[in-house]
Amino acid sequence: EAGVVQSPRYKIIEKKQPVAFWCNPISGHNTLYWYLQNLGQGPELLIRYENEEAVDDSQLPKDRFSAERLKGVDSTLKIQPAELGDSAVYLCASSPRDRNEQYFGPGTRLTVT
Amino acid sequence: GENVEQHPSTLSVQEGDSAVIKCTYSDSASNYFPWYKQELGKRPQLIIDIRSNVGEKKDQRIAVTLNKTAKHFSLHITETQPEDSAVYFCAASGSGRNTPLVFGKGTRLSVIA
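Protein sequences, first through last, are from chains E and L. One rule links them: number in our numbering = place in the first sequence (from 1) + 297. One rule links them: number in our numbering = place in the second sequence (from 1) + 1375.
Treat the hints loosely; a few may be bogus.
Unchecked claim - Result set (DSSO-like, lysine-lysine): computed pairs, CA atoms no more than 30 Å apart in a straight line: (1) E:K312 <-> L:K1397; (2) E:K375 <-> L:K1417; (3) L:K1480 <-> L:K1446; (4) E:K308 <-> L:K1480; (5) E:K375 <-> E:K312; (6) L:K1417 <-> E:K368; (7) L:K1480 <-> L:K1443; (8) L:K1397 <-> L:K1417; (9) L:K1397 <-> L:K1480; (10) L:K1432 <-> E:K312; (11) L:K1433 <-> E:K308; (12) L:K1433 <-> L:K1417; (13) L:K1443 <-> L:K1432; (14) L:K1397 <-> L:K1433; (15) E:K359 <-> L:K1417; (16) L:K1432 <-> L:K1417; (17) L:K1446 <-> L:K1397; (18) E:K359 <-> E:K312; (19) L:K1480 <-> L:K1433; (20) L:K1432 <-> E:K359; (21) L:K1417 <-> E:K313; (22) E:K375 <-> L:K1480; (23) L:K1397 <-> L:K1443; (24) E:K359 <-> E:K308; (25) L:K1432 <-> L:K1480.
Derived by calculation from the structure, the hints in this document are not laboratory data.
Take these sequences, add in the hints, and give me the full structure.
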């Protein structure tokens, strides 16, 4: 079974530029999560999807961050414009319907210069 | 909301010794407690989890204990090996299905050969 796939693995951009991250969850997992992980910290939730519906986005900075999961499978997280403080690892995770176990992708390491 | 505290932040043990990492949580409604292992530059990997209807769970050299009354849970690794060196995160999630995880800040475990 393939795991959660994320791309790109690394991204370096200048501040004020836009950036997008892509995630493909484990096949059949209807719940998808985007987490932010700062260096030396645990992951923090940004947004959770149940199928194509965003059911928990209270921690997403909506002035610059947006996300979508149009067909209820893969998802895109976008930042526009990026700020220096956005440098972090962006992790995607998925879980099966009505189960708690979450499986993480390898993450995208974003560096904003 | 839920708050998870994790101790210690760093832990060094001699190969073959045991390692114990402790976490406390604040929300008495939380009922799912996973542990993740994250090696440098890699994804968090689920290594063991426990639900609130169980007090202890073992998987080979790894065990987790849960004290609901005191709202704390612990990870125990016996006969540690150099490959156990990594950052370990505890997490807790609430009573709803597919609810997001709230993570501790992590423990960096070093196993010295």
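Cross-check of the supplied hints:
1. E:K312 <-> L:K1397: Answer violated: K312 (chain E) to K1397 (chain L) is near 39 Å, above 30 Å.
2. E:K375 <-> L:K1417: 22 Å, holds
3. L:K1480 <-> L:K1446: Given that 30 Å is the threshold and the Cα spacing comes to 17 Å, the pair holds.
4. E:K308 <-> L:K1480: Holds, at about 25 Å.
5. E:K375 <-> E:K312: Given that 30 Å is the threshold and the Cα spacing comes to 14 Å, the pair holds.
6. L:K1417 <-> E:K368: 28 Å, holds
7. L:K1480 <-> L:K1443: Given that 30 Å is the threshold and the Cα spacing comes to 21 Å, the pair holds.
8. L:K1397 <-> L:K1417: Holds: K1397 (chain L) and K1417 (chain L) sit about 23 Å apart, inside 30 Å.
9. L:K1397 <-> L:K1480: Satisfied, since the Cα-Cα distance of roughly 12 Å is no more than 30 Å.
10. L:K1432 <-> E:K312: 47 Å, violated
11. L:K1433 <-> E:K308: Violated. K1433 (chain L) to K308 (chain E) sits at ~39 Å, over the 30 Å cutoff.
12. L:K1433 <-> L:K1417: Holds, at about 25 Å.
13. L:K1443 <-> L:K1432: With a Cα-Cα distance of about 14 Å, the restraint between K1443 (chain L) and K1432 (chain L) holds, given a limit of 30 Å.
14. L:K1397 <-> L:K1433: Holds: K1397 (chain L) and K1433 (chain L) sit about 16 Å apart, inside 30 Å.
15. E:K359 <-> L:K1417: 28 Å, holds
16. L:K1432 <-> L:K1417: Roughly 26 Å separates the two Cα atoms, so the pair holds.
17. L:K1446 <-> L:K1397: Holds, at about 11 Å.
18. E:K359 <-> E:K312: 17 Å, holds
19. L:K1480 <-> L:K1433: Measuring from Cα to Cα gives roughly 23 Å; hence the hint holds.
20. L:K1432 <-> E:K359: Roughly 40 Å separates the two Cα atoms, so the pair is violated.
21. L:K1417 <-> E:K313: Holds. K1417 (chain L) to K313 (chain E) sits at ~28 Å (cutoff 30 Å).
22. E:K375 <-> L:K1480: 26 Å, holds
23. L:K1397 <-> L:K1443: Given pair K1397 (chain L), K1443 (chain L) holds - Cα atoms ~14 Å apart, limit 30 Å.
24. E:K359 <-> E:K308: This hinted pair holds, its Cα atoms lying about 21 Å apart.
25. L:K1432 <-> L:K1480: 23 Å, holds
The structure is inconsistent with the numbered hints 1, 10, 11, 20, although it conforms to all the rest.
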